[in-house]
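*Asks:* Chains as they are written, first to last, in my numbering: chain A, 1 to 313; chain B, 1001 to 1265.
Any given hint might turn out to be false.
DEER-style ranges, computed between Cβ atoms [as the list claims (entries may be wrong)]:
#1 T1169(B) / D152(A): 20 to 28 Å
#2 R1092(B) / E57(A): 26 to 34 Å
#3 E57(A) / T1169(B): 44 to 52 Å
#4 S108(A) / T1111(B): 54 to 62 Å
#5 T172(A) / R1019(B): 39 to 47 Å
Partner residues are not named here, just some residues of chain B that face chain A (Cβ under 8 Å, in silico) [what the hints assert, rightly or not]:
#6 E1161
#7 A1162
#8 R1164
#9 M1166
#10 M1168
No wet-lab data here; the hints were simulated from the structure.
Think of the CB as a built atom: it goes at the ideal place given N, C-alpha and C, for glycine as much as any other residue.
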Amino acid sequence: MIELFDVTRRFGDETAVDRISLRVERGEFCVLVGTSGCGKSTTLRMINRLIEHSEGEIHLDGQPIRDFQEDQLRRRIGYAIQSTGLFPHWTVGRNIGLVPRLLQWSGSRIQERVEALMDLLGLPPEFAHKYPHQLSGGQAQRVGVARALAADPEILLMDEPFGALDPITRQTLQGELRDLQARLGKTIVFVTHDMDEALTLADRLVVMHEGRIVQQGRPTELLRAPANDFVASLLGGDDRGLKEAALIRVEERMLPVAPEAEGMPMVRRHATVNQALSLMLWHHTRHLLVVDEDDSPVGQLSLDVLMHKARHE
Amino acid sequence: MSEVAIQGSEGGNRRSRWRFIVPLIWLAALLMLAVGMTTLEPLFRLLEPDLRQVIYVRESFLVLLGQHVLMVAVAALLATCVGVGAAVAVTRAAGRDFMPMVAQLASIGQTFPPVAVLALAVPVLGFGTVPVIVALVLYGLLPIVRNTLAGLQGVSAEVLEAARGMGMTPRQVLLQVELPLAAPVILAGIRTSVTINVATAALGATVGASNLGDPIISGIVNGNTPYIIQGAVMIGLLALAVDSLFERLQPRVPGQASDGQAANG
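Excised from the complex, chain A in its bound form:
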């Protein structure tokens, strides 16, 4: 659990972060969003003391982070950044094993851990001997995440880790990170300015502006009730309806298959409702046949039901 109490950070006369309070529960995926310069990265880096806070207190599981030695604190917290920061003169295997080695694990235990993590992140074992410059952007970022997870930290800090990737790789990695977090139960604080990424990943969305927290809550709460115009426009303005639809799976809204559904345009059950809406627009239809991975029908989706549901939420 991470708690920030009235935390302020000043650089000279400038206040980068202004009396923010925040509580991230154990196992929660917290995403900090905002325009550039809003203080989200500074906030993140104060948690592992790469930047010291000027005022206020930051607690880790109830203990002020200043009680820990900096190096010791950071070894307990995974850290992944946009540029990956992989050491170019070390192999992938050695990069991933960095923190365990700092913690003086035995060689065989480190080796095992590295292999397990590479497996977890879908990196082929022979990659252990490659150097970072031989990897693609997506692979390098997987290595970066593996390195952050190496010593099995409870907390993971991620600063726009997927910001430099192409959209397809980014989406894949977002999905994998989400699954990973569901499986491992890590507490994650994630900084991004990509609103779709924030909405997909977040349990708790924290909107920052000019060094302050403007609003925080579940993504749907913020979409439905933005605190002010800034939050509303940041979340997509008039696109908010579609952004919200992107958070809902088709299978959550489908009805049992009716006989007349035969021959309707198809949509996958794991697709999102905004994709279904797009298909309806495309095919000029109010009804879609919902199918599973093998294209066998599992239900149907109708625009009227979507509208009805939406009105009653």
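Dock chain B against the given chain A, drawing on the hints supplied.
*Replies:* Just chain B, lined up with the frame of chain A:
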């Protein structure tokens, strides 16, 4: 894991066992000349038929070579310790204020002619080897300081941020990340410094340090061209041998190197 690491790092540097062939050839030529200079007497006779003596014999060339190498090596070692140490110190948070001063001092060290350093050092340190080494250290400092600064400043900010963020201590960051990544540039500086000083050391003969400069000075004083040639050729060969040795030792950082493929090995 250690296995992975070792294989990896060696794989990056491993090259054919013939890599030292060029420096070895220069070195063999140098030693052969040092031992067998007298056999070349007829050759030098052709050049100066009237001189009583055409081969420098006051001291064996092997001894002169040894002393020359020793002087340059001691000076290089001191200059490297001082130069790298100073550059590391001024790139730490605590020493950053001294960066311009150190960079300037090192530049002044090189703009000062080595002869002048010798002239100034002799009254204080006396004749002999010590003032020569002082002059060589001062003269050789600049390339080392400048390259070490450049090498350390060239380490990407993201890598340093990641290193700190992972929980490395400042010492670990320096020894495991900064210096290894800066090593090629630092070594290039040491190479320049040593190569310059192989030639500069010859001036030591003017203040009584005995080395390969002796035949040259003696040749100038006595109008004996063969002496000058013998000293100069030896110094030239030594410089070539040292320079090509450094070239072979040049470490390569994977990805920044011309031979990035070696990393697969």
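*Asks:* Hint by hint, which ones does the structure fall short of?
*Replies:* 3
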